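What follows is each chain in one-letter form.
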Amino acid sequence: TQLLEQSPQFLSIQEGENLTVYCNSSSVFSSLQWYRQEPGEGPVLLVTVVTGGEVKKLKRLTFQFGDARKDSSLHITAAQPGDTGLYLCAGTHGSSNTGKLIFGQGTTLQVKP
Amino acid sequence: GAVVSQHPSWVICKSGTSVKIECRSLDFQATTMFWYRQFPKQSLMLMATSNEGSKATYEQGVEKDKFLINHASLTLSTLTVTSAHPEDSSFYICSARDLSRAPRETQYFGPGTRLLVL
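Here the protein sequences come in this chain order: V and D. Just add 155 to wherever you are in the first sequence, counting from 1, and you've got the working numbering. Just add 1 to wherever you are in the second sequence, counting from 1, and you've got the working numbering.
No lab work stands behind these hints: they were computed from the structure. Computed from a predicted model, the values in this text were never measured in an experiment. By construction, the Cβ of each residue, glycine as well, lies at the ideal position given by its N, Cα and C atoms. Just so you know, not all the hints are guaranteed correct.
Unchecked claim - Think about it this way: if two alpha-carbon atoms lie no more than 25 Å apart in a straight line, the pair counts; the simulated SDA-like pairs of lysine to any residue are:
| # | chain 1 | residue 1 | chain 2 | residue 2 |
| --- | --- | --- | --- | --- |
| 1 | D | Lys42 | V | Asp226 |
| 2 | V | Lys214 | D | Pro104 |
| 3 | V | Lys255 | D | Tyr59 |
| 4 | D | Lys42 | V | Asp238 |
| 5 | D | Lys42 | V | Phe165 |
| 6 | V | Lys214 | D | Arg102 |
Claimed, not checked - Covered by chain D, according to a simulated footprint, are these stretches of chain V (three or more residues, beta-carbon under 8 Å):
| # | region |
| --- | --- |
| 7 | 196-208 |
| 8 | 211-220 |
| 9 | 257-267 |
Put together the whole structure using the sequences plus the hints.
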């Protein structure tokens, strides 16, 4: 079974704090995508990482893909209330030609002002 | 770029009726689209892969006669929930890949369709 374990599942923090969300697997992924979803809307792509060890930054968000391409993390610096939402990681396997995404369980983030 | 739309955004129907949801890639062609279902505060669950010009591939446990998928063109896939019942009430989301844009693995999601069956 190809699983992507995402943690924590719930996070409630104060504005200005830092946080990290993790996605881990025993399987190798050819790519890993991070999405943010707000209630009643579809997921919005934040980043796609494809190279082991890759680090990408998007303003206060830093994404890292593990060297072995089995894990990834999302770090948010100085969180703001606008960061509140459901964060989803999803990966694709190189052995599969279907393009199907394997999703993590999601992390619900609440940033209190 | 890579915009995906869905219609309708929400629908309320009576039990026993059928509901059709459209998924369109607005600025790119998509030979493959994906249909997901999402329950409140949960992650996305893949229902099926829609393939242009051929039959859809359904995930284990998803009834193909219940959820009819048609991918008649490179920019449109439809999901029809047949004989809908209250337990079919959910948030349905589609996605598509733009193979002309790197990374090719990236899926772009529609805004979702909220279905409520009374």
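Tested hints:
About 23 Å separates the Cα atoms of D/Lys42 and V/Asp226, which keeps this hinted pair within 25 Å; it holds. Using a Cα cut-off of 25 Å, the hinted pair V/Lys214 and D/Pro104 holds, with the two alpha carbons roughly 20 Å apart. Note on V/Lys255 and D/Tyr59: the hinted pairing holds, with a Cα-Cα distance of about 12 Å set against a maximum of 25 Å. Note on D/Lys42 and V/Asp238: the hinted pairing holds, with a Cα-Cα distance of about 16 Å set against a maximum of 25 Å.
A hinted pair counts as satisfied when its Cα atoms are at most 25 Å apart, and D/Lys42 with V/Phe165 qualifies at roughly 10 Å. A C-alpha spacing of about 23 Å is found between V/Lys214 and D/Arg102, which places the hinted pair at or below 25 Å, so the restraint holds. For the region 196-208 of chain V, the proposed coverage by chain D is satisfied: 7 residues have a C-beta within less than 8 Å of a C-beta in that chain, meeting the threshold of three. Check on the region 211-220 of chain V: 0 of its residues sit with their Cβ under 8 Å from a Cβ of chain D, so the three-residue criterion for coverage is violated.
Closer than 8 Å: that is the beta-carbon criterion, and the region 257-267 of chain V has 5 residues meeting it against chain D, so the requirement of 3 holds.
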